[in-house]
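Okay, here's what each chain looks like letter by letter:
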Amino acid sequence: MATAVLETGERETYLNKEYGIKSWLLTVDHKRIALLYLMGITFFFFVGGFFALLIRLELLTPAGDLVQADTYNKLFTMHGQVMIFFFLIPAVPAVLGNFLIPIMIGAKDLAFPRINLLSWYLYIIAGALMVYTILNGGVDTGWTFYTPLSTEFLKTNVVTAALAVFVSGFSSIFTGLNFIVSIHRLRAPGMTWNRLPLFVWAHYATSIIQVLGTPVVAIAILLVALERVFHLGIFNPALGGDPLLFQHLFWFYSHPAVYIMILPGMGIVSEVVCCFSRKRIFGYSAMAMALLGIAVVGFLVWAHHMFVAGISLYAALIFSLLSYFVAVPSAIKVFNWTATMYKGSITYQTPMLYAFGFVGLFTIGGLTGLFLAALGIDVHVTDTYFVVAHFHYIMVGGMVMAYLGGMHFWWPKISGRMYPEGWGRLAALLVFVGFNLTFFPQFILGYMGMPRRYWDYSHSPEFQILNVLSTAGATVLAVGYLLPMVYFLWSMRYGKPAPDNPWNAAGLEWTIPSPPSTFNFDEQPVVTWEAYNYDEIKQEVKFAH
Amino acid sequence: MFQNMPFWPPRASTMANSVDALYIFLIVVSALMIVSIFTMVIFFAIRYRQQPGQRAEQIEGSHALEITWSVIPFCVFMVFFAWGALIYFKERTPPQNSAEVYTVAKQWMWKFEHMEGQREINELHVPVGRDVKMIMTSQDVIHSFFVPAFRIKQDVLPGRYTVAWFHATRPGTYHLFCAEYCGTMHSGMIGSVVVMEPKDYEAWMGGGGNQPLAVTGEKLFSELGCATCHRSDTQARGPNLVGIYGKPVLLEDGRTVTADENYIRESILDPAAKIVNGFKPIMPTFQGQISDEQLNALVAYVKSLSQQSSEQTGGKNMAAATPQP
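Residue numbers (the working numbering), protein chains in the order written: chain U, 1488 to 2032; chain W, 276 to 600.
Worth double-checking, as some hints may not be accurate.
Said to hold, decoys possible - Reference listing, derived: stretches of chain U covered by chain W, where coverage requires no fewer than 3 residues with Cβ under 8 Å from a Cβ of chain W: (1) 1697-1706; (2) 1760-1766; (3) 1932-1938.
Quick caveat, the hints were computed from the structure, so don't treat them as lab data.
Where a beta carbon is used, it is the ideal one built from N, C-alpha and C, also for glycine.
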């Protein structure tokens, strides 16, 4: 493939084409925007992680002795808001999706490059509002903003936090729109719908949720701000409002938001499992339809967050039933990943280790979701550490594992450098062990009855042993998360130069140089093969390092 | 080391046994799933590791398998659903003739008032072997009444009643937690439920000359002038309240609602919201003029009118709330 050559003799890539702050802040290149997002997302991941560590340290002893009660309430609130709205939701779509989707479909860029940049600016404005909220004394509504606590009773920075969430929502909506239009309109000749990598299908399903769901939470959060400032009686019963209305609006988005977080991760895992098994995916169309099925049915289950909130008996029955419907496509996915490995030729590079971890932890997270969907059990365990453990298995055990797996898998393409494989495997192992040690005890803690969001549990010393285990796990997890950041940065300078296709992987992104040039392809690619055509690719994973 | 760390809370109610049975069933089924999936992943990872000269075998997929592993899990899920729903149905349907405890939650305490008039804060005494119905409301934000030993939880909302019930089976002192985040001292909004043998409970009840809640309500009813309109003769300008509790009420707009605690409460605070057929919206609101405790007393009184009429006792003591040894 012919490539442009710079005066220095280096090949021209999206990274070295231009230099200077301006060339980054005004770029419309989807790959550069992905890197801009990567910086913001990494920053917020460690901010949120720092809050988590303080929470775990406080819970090491039953007495509330490390921080004040109000401080603790702010810590779990800001941990949730930062992680969900500024890390989990944007992480995979805005970084890996942004970088890869145009390349995977054989396009030069997304359909609306400027809107893509606007999305990033909105994210940064929202992030600045969040940072302002934190520095200005924080906010203690809980990430869920439940009314009337948030609208009438708290004296913290509720309005700026609400605005931060509101603005970040638009960033999310624009990214989703951009993906939908790009996937419809910009596919290369021959890239039919049933040849799309599942990573693209996953982002398509995610984008639908982002576009349809996010406006609802944006409105709900805006109404919280309005009720707080102008005392409109929307949610506060003292003013004639209905607090359950808020919960319905909030969860109408925030349950599907769980799928915004996990579906792109499922896309990553499909790519990685196929590559390191040297096989096509088992049941391609079932996998693609399961993604869409989750996205659609995911909109019909929100009130399972409200079984004890005061909804009617029959509403609860229906939402419990529908919650089981959404579990079926999730189960299909787990079975198909497992079946993909059958008669493969498997190697254990870092991305594959994360994929193994994902499948295991997502299975546990999914199965404990079945506990919560069972009405009789939910009444006992909702709002306890059981729920905390369950959603961390999905979001951290699932989504963060997948994100890290994806970062390792595509890092050679993004940076043009290899990360150190030995360190990568060690970090993957630490994350897996640390994660389970942190969150598995919380299932037991929850069933024992420890409510979530408790600063002090000196009345129940029987909860301590499990909390100590959990805190110990969190420190291991912290090391596991810091390692990749260190060696990714290190590899940008000292890593071995990456070949175009270090894993001998299928997919258009591996046919172009690492790192790619600004317009990705020098000539229009024409696709004549199915996704995951590993039978046509040289079999073995070549070790480039 | 495990002496201080049981894997579940004590089982002290009828509900606890049914919830734990389903929980154990779910654990067994999940463990089977987890073990089989983990075993397969590990087995494939080792058995099919890359080996020189061996190529992966490309397999497209299998509709039969996809259908199998959709339908079988779905059927298992439906068992979970049905079992969970049966328990929940029981949880949401308080038995008739339960003892009633009016509960007012506020940042950050629990206030209980028994039908016999005993008042408690952060401590709830109940007899063993008796159905107890909690009629709860909040003065400020949303709280949640959670007794792990009973396996019950119910959010407590401002502006309406929510209901929970239990049937304690084992004497003892159990945790009461607020399970819905409610501000600064959320973790301090705790208390205990003391389950007592009936005779101990009666002794505890006997202490202090308390006025039954319905009697307090009756006094308020006449003090506030309710009786001038709500009467049984032809002069009545408001509906006759005798016997209405639990019965359907035909409204002016043609709808029919059941006269439950929330209906009585709303009719006092916002009388114009649901006008009874044949009456005019002339009743003034009592919103902001009576406390939650007074409101509870009025509701208890109106309800007592139905018990008197159905049981023909005519007495003021709440038959339903008297502990049965």
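Outcome, coverage hint (the segment 1697-1706 of chain U, chain W; C-beta under 8 Å; three residues): With 0 residues in contact (Cβ-Cβ under 8 Å with chain W), the coverage given for the segment 1697-1706 of chain U is violated.
Coverage of the segment 1932-1938 of chain U by chain W, judged on three or more residues with CB within 8 Å: holds (count 4)
Coverage of the segment 1760-1766 of chain U by chain W (three or more Cβ within 8 Å): Coverage by chain W holds here, the residue count being 3 at a Cβ distance below 8 Å.
This entry does not satisfy hint 1, going by the numbered hints stated previously; all others are met.
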